[in-house]
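S.K.: Go ahead and model the full structure; you've got the sequences and the hints to work with.
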Amino acid sequence: MKPMQERVEHLFHQKILYYRELLEILQDEKQSLLKTQMERLWELAEKKQALVVKIEANRASILLELEQAGITHAMDVHTFKLASLFVLLPQALSARLQNSQVTLVALKDQVQNLTRANKRFVEECLDVLDDLIAVIADTGESEAVYDNTRQSAPASSKQNVLLHREV
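Numbering (the working numbering), first residue to last: 1 to 167.
The hints are simulated quantities; they were obtained by calculation from the structure and are not laboratory data. Every value quoted in this text rests on a predicted model; they were computed, and no experiment measured them. The beta carbon of each residue, even a glycine, is placed where N, CA and C say it ideally should be. Heads up, a few of these hints could be off.
Claimed, not checked - As a list, the in silico EDC-like pairs of lysine to aspartate or glutamate whose alpha-carbon atoms are at most 20 Å apart:
#1 K30 x D127
#2 K108 x D28
#3 K108 x E9
#4 K119 x E6
#5 K81 x E56
#6 K54 x E39
#7 K119 x E9
#8 K35 x E124
#9 K35 x D127
#10 K2 x E67
#11 K48 x E24
As the list claims (entries may be wrong) - What follows is a set of in silico ranges between Cβ atoms, one per label pair, in the way DEER data are often shown:
#12 E123 x K47: 36 to 46 Å
#13 M38 x R96: 42 to 52 Å
#14 V128 x Q91: 47 to 57 Å
M.R.: This is how it looks when you write it as structure tokens:
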């Protein structure tokens, strides 16, 4: 059986691979958003969800290794923090994992930035669609199209020019 230090090291390298894969998926998602490939976006959403499950399982495995080594912690998969973890690890293991920690922090930053950018792009597209629908459907306060004399009412600035027709 491998010593705890080797197992934790392996779990860290596995975690790096998961985050690299997540970064690739997010880059693919960005391209799919730009090309409006809806089917591909659904596929990528499923892949991201499966990867989140793997990352959480990886966290649980790391925490289990700590527990089995008699290292007490107050973390679970949702409160898992690298900085807290490194304080708990033996000095020799912490030193060996220093490069992995730097890599993970950089990958997490890239994932976070790309996630924000993709979200911002989707929100901007939805805002444009909302504006278009508002123009087409004239979602402002409705005003009379005809006055009391059955003549067209004077056009106001709120009326939608695209839908305004005279009979």
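S.K.: Taking each numbered hint in turn, which are not upheld by the structure, reported in ascending numerical order?
M.R.: 4, 6, 7 and 12
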